[in-house]
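Trainee: Each protein sequence line maps, in turn, to chains A and B.
For the first sequence, counting from 1, position 36 maps to 36 in my numbering; every step adds exactly one.
For the second sequence, counting from 1, position 215 maps to 215 in my numbering; every step adds exactly one.
Check each hint, because a few of them may be wrong.
No distinction is drawn between identical chains; accordingly, a pair holds when it is met within one copy or between any pair of copies.
As the list claims (entries may be wrong) - List time: in silico DSBU-like cross-link candidates among lysine-lysine, alpha-carbon distance up to 35 Å:
1) K67 / K217
2) K61 / K217
3) K201 / K54
4) K217 / K54
5) K2 / K217
6) K101 / K217
7) K2 / K201
8) K235 / K2
9) K101 / K235
10) K83 / K113
11) K217 / K113
12) K201 / K80
Worth flagging that the hints you see were computed from the coordinates, not collected in a lab.
Given the structure is predicted, the values throughout are model-derived calculations rather than measurements.
There are 2 protein chains.
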Amino acid sequence: MKNILIASTSTLHNGSYLEYLLPELQLFFGGCSEIIFIPYARPSGISHDDYTQKVGEAFSKINIQVKGIHEFEDPITAIKNAKGIFTGGGNTFLLVSQLYKNNVIDTLERVVKTGTPYLGTSAGSNICGLTMHTTNDMPIVYPPSFRTLGFVSFNINPHYLDPIAGSTHMGETRETRINEFHHFNPQPVIGLREGSWLAVKGESIKLKGELTARIFKRNEIPYEVTPETELKDLK
Amino acid sequence: MKNILIASTSTLHNGSYLEYLLPELQLFFGGCSEIIFIPYARPSGISHDDYTQKVGEAFSKINIQVKGIHEFEDPITAIKNAKGIFTGGGNTFLLVSQLYKNNVIDTLERVVKTGTPYLGTSAGSNICGLTMHTTNDMPIVYPPSFRTLGFVSFNINPHYLDPIAGSTHMGETRETRINEFHHFNPQPVIGLREGSWLAVKGESIKLKGELTARIFKRNEIPYEVTPETELKDLK
Chain A
1 MKNILIASTS TLHNGSYLEY LLPELQLFFG GCSEIIFIPY ARPSGISHDD
51 YTQKVGEAFS KINIQVKGIH EFEDPITAIK NAKGIFTGGG NTFLLVSQLY
101 KNNVIDTLER VVKTGTPYLG TSAGSNICGL TMHTTNDMPI VYPPSFRTLG
151 FVSFNINPHY LDPIAGSTHM GETRETRINE FHHFNPQPVI GLREGSWLAV
201 KGESIKLKGE LTARIFKRNE IPYEVTPETE LKDLK
Chain B
1 MKNILIASTS TLHNGSYLEY LLPELQLFFG GCSEIIFIPY ARPSGISHDD
51 YTQKVGEAFS KINIQVKGIH EFEDPITAIK NAKGIFTGGG NTFLLVSQLY
101 KNNVIDTLER VVKTGTPYLG TSAGSNICGL TMHTTNDMPI VYPPSFRTLG
151 FVSFNINPHY LDPIAGSTHM GETRETRINE FHHFNPQPVI GLREGSWLAV
201 KGESIKLKGE LTARIFKRNE IPYEVTPETE LKDLK
């Protein structure tokens, strides 16, 4: 049975790393004394070791040990044996490239679809969708594919931003970008604002946190959904 | 001799399409009665025909006819025979995919490097750099390569945005993204603010417009350059 948290962001403004999620994570990973962390997305180019240490410090507050996937000789076996998995944010292009390069993407998909608890934040949430076509990140490396893990039957847009009233900037709004995506791709997209997450339990997918989320379907007017909305039919 | 304008944006806030550039374009394309427009980037998913019509209306003010590359049976021959070329903005992933798919990228590179006047705005400017790794766009389609035209020996970041003071949003700033790029790529990046453009004439590359631009080099502190700065040694 799938057991997945898909969070828009790791960190809220004025909060510390993972702080707002820790009460939820204590329940979610309850019973795991150690989880595996996938640091491949390397925010600001931080090293795998430094990133893993940062995550370890956050999880130590709820008495969970963290080991980086790069510390294992065989990452595939590490994923197979993991009691829980967390993929952190950073650059989605880099993350997806590394998942393919290290040949762990199929194993990761299989173990999470069959029950290993998985937490994603930001880039680690992007990859829970069908593809990474709706990431906000800069394409700093060229991945072998944009196909991702498909834990849900739609795409994720984390750090969703509403158009800024009065902005004089001429770059595209997030909504314009997702509209362009729908000219070439059929699947719905959920815009998850910072502070929101999806809780996937078996077939159920529920919006969590205090904010609404925005749903974009091809050829339809986007709309908001409220916390606790069941999203299993979004596909 | 190369003769290229690389503009951050087509349109300024409160201005009409290409309005701020028209006096410059009148000089730049002087002597061309017709140019070819490449509408592949399709902003907001606009059709090739509609996009070409919009561009034609702007260029009619300076008595230049515009024909879309999609109107020609053989786009390669069209590029070879063009008296001037304009590639408009939209989605860089889509633009680059279409340049490869229609097999025009090599011809476009060759004719512009040997003298056909070329104007790019936004996505059409991104492709003037060595690669499209520093685009701001959403990866709505998967191009066969991120390699682009290399009219200059660095990368372009159009619509450059300074960090927003007081922002509570946790997504990466533009500077953070370019810093991540430099962990994996050696070439400098120029952040071109809206209203700025580069004028390439032969070996010379000068910053134009009223604003400074921001230069990012690997392992160096970013710095500003003023209008009329010669950038031919940026590589």
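Trainee: Compare the structure with each hint and give your call.
Mentor: The hints, checked one at a time:
| no. | hint | verdict |
| --- | --- | --- |
| 1 | K67 / K217 | between (38 Å within a copy, 34 Å between copies) |
| 2 | K61 / K217 | neither (40 Å within a copy, 39 Å between copies) |
| 3 | K201 / K54 | within (28 Å within a copy, 49 Å between copies) |
| 4 | K217 / K54 | between (37 Å within a copy, 28 Å between copies) |
| 5 | K2 / K217 | within (24 Å within a copy, 45 Å between copies) |
| 6 | K101 / K217 | both (32 Å within a copy, 27 Å between copies) |
| 7 | K2 / K201 | within (5 Å within a copy, 59 Å between copies) |
| 8 | K235 / K2 | within (17 Å within a copy, 49 Å between copies) |
| 9 | K101 / K235 | both (29 Å within a copy, 30 Å between copies) |
| 10 | K83 / K113 | within (14 Å within a copy, 57 Å between copies) |
| 11 | K217 / K113 | within (25 Å within a copy, 43 Å between copies) |
| 12 | K201 / K80 | within (20 Å within a copy, 58 Å between copies) |
Checked against the numbered hints above, the structure breaks only hint 2 and satisfies the rest.
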